[in-house]
Amino acid sequence: MIPAGKARIHYHRPDNDYANWNLFPFFATTDPNSDFCNTNDFVAGYDTYGAYFDVGVDPTKFNGQLGFIIHNCNIKDPGPDMHLQLTLNLEAWVLSGSATVFLSQPQTEFTTEPPIPANKARIHYFRPDANYASWTVYAFGDTTEDTGNFNGGPVFVTGYDTYGAFYDVGLTANPHDLGFIVHNISTGTKDPGPDMHLNVALFKEAWVISGDSQVLSTQPTAAQLLDAVFFKQQAFWIDRTTVAIQGQFLQSGFSYFRNYDPNANLQLTATGVTGGSSIPLTPFASGFSSDEQARFPQLSGYAVLHLPANTSTSLLAAALKGQVAVSSIASDGSLKYVRSVQTAGVLDDLFFFPGKLGVIFQDNEQEDWSDASTANTCDGNGILVRVWAPAAQSLNLQLFDQASDTTPGQTSAMHENNGVWSACIDDIWTNKYYLYDLRVYVPSQRAIVENLVTDPYSVDLALNGVKSRLTDLNDRDTQPRGWEESRSPSLANVNDLSIYELHIRDFSANDPTVPSAHRGTYLAFADRGTNGTKHLKALAEAGLKAVHLLPSFHFASINEDKTTWQTTPDLSGFPPDGTQQQAAVAAIQNNDAFNWGYDPVHFFAPEGGYALNPDNRVLEYRQMVQGLHHSGLRVIQDVVFNHTNAIGETPNSVLDKVVPGYYNRLDADGNQLSGSCCPDTAPEHKMMGKLITDAVVLNAKQYKIDGFRFDLMSFLFVSNMQQIQNAREAHARKRRHGRQQGLSLRGGFRFRRGGQQHAGDQRQPEKSFWQRHRHIQRPYSRWDPGRQPVHRRTRAGVCYRPPYGL
Amino acid sequence: MYRRAVFTFFALSCLLLTAAPILLNAQTPPPIPAGHVRIHYFRPDSNYLSWTVYAFGDTTEDTSNFNGGPVQVTGRDSFGAFFDVGVSSTAQNVGIIIHNGNTKDPGPNEFINPATQGNEYWQLSGSNILHTTQPPTIQQTDP
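Chain order of the listed sequences is P and W. Residue numbers are given in my numbering: position 319 of the first sequence equals residue 319, and the series is strictly consecutive. Residue numbers are given in my numbering: position 20 of the second sequence equals residue 1020, and the series is strictly consecutive.
By construction, these hints were calculated from the structure, which means they are not laboratory data. Do not take every clue at face value.
Cβ-Cβ distance ranges computed for the label pairs, FRET-style [to be verified]:
1) W/1129 x P/648: 50 to 56 Å
2) W/1116 x P/60: 34 to 40 Å
3) P/221 x W/1129: 43 to 49 Å
4) P/60 x W/1060: 48 to 54 Å
Being a predicted model, the structure only gives us computed values, none of them experimental. Beta carbons are placed, not taken as given, at the ideal position from N, Cα and C, and that holds for glycine.
Next comes chain W alone, as it looks inside the complex:
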């Protein structure tokens, strides 16, 4: 003799759902806020989800938690995604790690000096260079 439990299921219509709120391409990137540097990041697969920046050194961001205190993508532009990272007013040495969980891109710590290098940087996925001028992304003819 079975005594079967009866459950109530709430059917939810798929049609009522909307796509997740994902950052859209910005028309014109907003100006870099005071007290911040902007890190641009290019990925050839265009998939920036879960990629974040951990900053350390002369930063105002949370440095206590590598995974839990990252800087999220601030916006998107024609280069890729960008992160606005808070830095102290006299920042000379800010450490930057672009990462997705335990995967760092590319791996080593990178450092910038906002006092001498400015407030805007560009990085290509896989590269260990934070360029101070915008580099080409996918080049039609090799340099």
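The shape of chain P in the complex, shown without the other chains:
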């Protein structure tokens, strides 16, 4: 008996997990419904179908129509509003993922499926977590379904069988190609991403597996199901003690293993993982430690597995140099779970290295950045080359006499000490070129790969960054005359700051008073008496304080070889309303000399496309800074640490070739995130955070840069900014130049990223950097109208000590 004044909504979930799934009632209801997330009807009980909600109703209201949405605040199941005509029925059944309000109890799991209706195809979809809420099929091609609304989710779950959910999709007459995308209409996530196709002239039924873009024409075996998820990096190895897996895969009586193989040849059988070695893992009921929670808040709800307490560091280090998986075996001996592993956390825990990386010349190391490590030094002779590559199985330093050499003149073995590989080489290689040659496991290739790659810490480069260069930034040949003594213009008060945003090439490309070879280059800023520099000087005299230069680190999109540059022909003959001009620009736009440069390849080296001679990029960059300082202007660099131009095994990928899967942010399934536009970096990983700090400090010190504008600062963390500030203050204490005016740090546009699937989301301190506070270092002038001294500035609960700002 349904209680008087109530309607009963039954709800079935194939994963049987009803925690936090509530019913939001509207229209003819007597229950509170003022707040979607917080005023709901809760589960009233369970029967053999599933849970049920008893909803207070008043059939005299809204013509007796009850509206309702079953949801967990974030996800609606399945999405659209649902309705029940109370004047006809006071009881209804909902099947997770289906948009149908059933008026009699539907079958929860068909053992014998209903026949496929005429003019339909059936798509079977398997999710290992059995959670199908909001997962729909969007169809295109030869379909009768609504193709106009991707997020409307035209095809909802039709039913369930022993395999998983199935969706019946309408077909046109004489169909050939059915395109479809399985996606979650609450989060926008596609599973897995690429368009999928079924040849419906031949097949009316297909099976897909979550995470796998293959479309199968027969039902996959249990082994195929495991294979499909094997390479999903859904397990997290976060430190030397702990591995985390999604909570639903922790089951009583199962045994858990961390499998690893330096030959990358792990294979699945029905009873376990073969190849390589394994270490037992033990469920740890107390969950994450507070430190682990702080480092990985996005793993809340994951199950915690511990490695044996006596596992040696050398064993952990060895396991990280190959393919790694986590698996579980049920008490009957069958393999139940296997996933690949994200290892950034444990790499940080075991191998974080605070010292200097890249090329270190012995004569200046002592007064250089603080170096916590005394390991890997050269005993005062030669050049030390050091790279962080804890996952590398071997690493050689290739040295080249000429930038164009294809065969190294010398190859030096590098030696590993706690993840840092180093070599000492003779001084004769100064100003020559080098590459790293390493063997490392690459998850995307599922293999041990030999990577030949430039140094992520390259301070100088061969043309187009094809090789790194052994340049000593303290060498006088890299410094314009008077460089050591030159000073930045002073700035009395942060509130005086006014900024001119400027593109290096645009500044002079069309200035006839600049020597023609200097147009569009760094050197135009050092040419006195040109229209451009005279104008900048006049602006400075009128009160302008700083120039903000668009990206000037080595970026991907301009060929540094000027002979490859193309220009449009004379466009003046085309009619003013013609389309020919745009067509002519489009024809050469990928090969011209212009780009904004928001596609970083090397963070520590200047872009060569702006140099008259790219072999002198360091010297010419300094001439530019010196010229701007002489004009009375401080120099602010636009720095882009939120993404890299490339990842994986592609030509412009650098960091990801040295430590695959570490520097860029992956989502919970191991897919690369690209909310920034491009492969997002992961500054929550310590060595990426250190790289950002090191690059800022190097530019502040070696190029006398006065401020930094951080592109998409919302992708960085408050802690990253604090590290930069701490490093800057430490540097200032060590070298009292007298020119210290403090460093200005400004945040870039706040990007509104769609979806909540980003692994880093819960760590993103977005409100710290919102657009209104674009100049994050500026004190609130409303409260602090320029009075000195500024004792304390608060932003989003974080206090900064002066002189954080200018």
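Guided by the hints, dock chain W onto chain P, whose structure is given.
What follows is chain W alone, placed relative to chain P:
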């Protein structure tokens, strides 16, 4: 010329391993200790791993850390799992949240008054009611 690092791998036999120590179904639930209330919890998927109780108000449990100071599953019985939660001797208002990390079941804070309601409570997953008498779990015929 490669100089390859050599690593020593310690192969561990899977066969030597035993299943993790997971709480087994108790034959007869132990009596509720003095100074405690017992919260019974039913989940239709029978998976109670990582589900814990955070108590606040008139409790003797750690209230300083939602995730780090929870009450673990005390035992299992025919209803589901149960948690024994320490309460002060004159407790009248104890807040209870059943949760797994950031997932609360069902969401709102729940409150009990041991002085008037007794020391034993039952909750169904998804429900916001802490029953003072044992409710049915999966009913063969609907009420």
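Outcome of the hint check:
Here the CB-CB span from residue 1129 of chain W to residue 648 of chain P is close to 52 Å, well matched to the stated 50 to 56 Å. Our hint of 34 to 40 Å for residue 1116 of chain W and residue 60 of chain P holds, since their Cβ atoms are close to 38 Å apart. Checked against the given bound of 43 to 49 Å, the beta carbons of residue 221 of chain P and residue 1129 of chain W, roughly 44 Å apart, stay inside it. For the hinted restraint 48 to 54 Å between residue 60 of chain P and residue 1060 of chain W, the CB-CB distance of approximately 51 Å keeps it satisfied.
Comparing the model with each numbered hint stated earlier shows that all of them hold.
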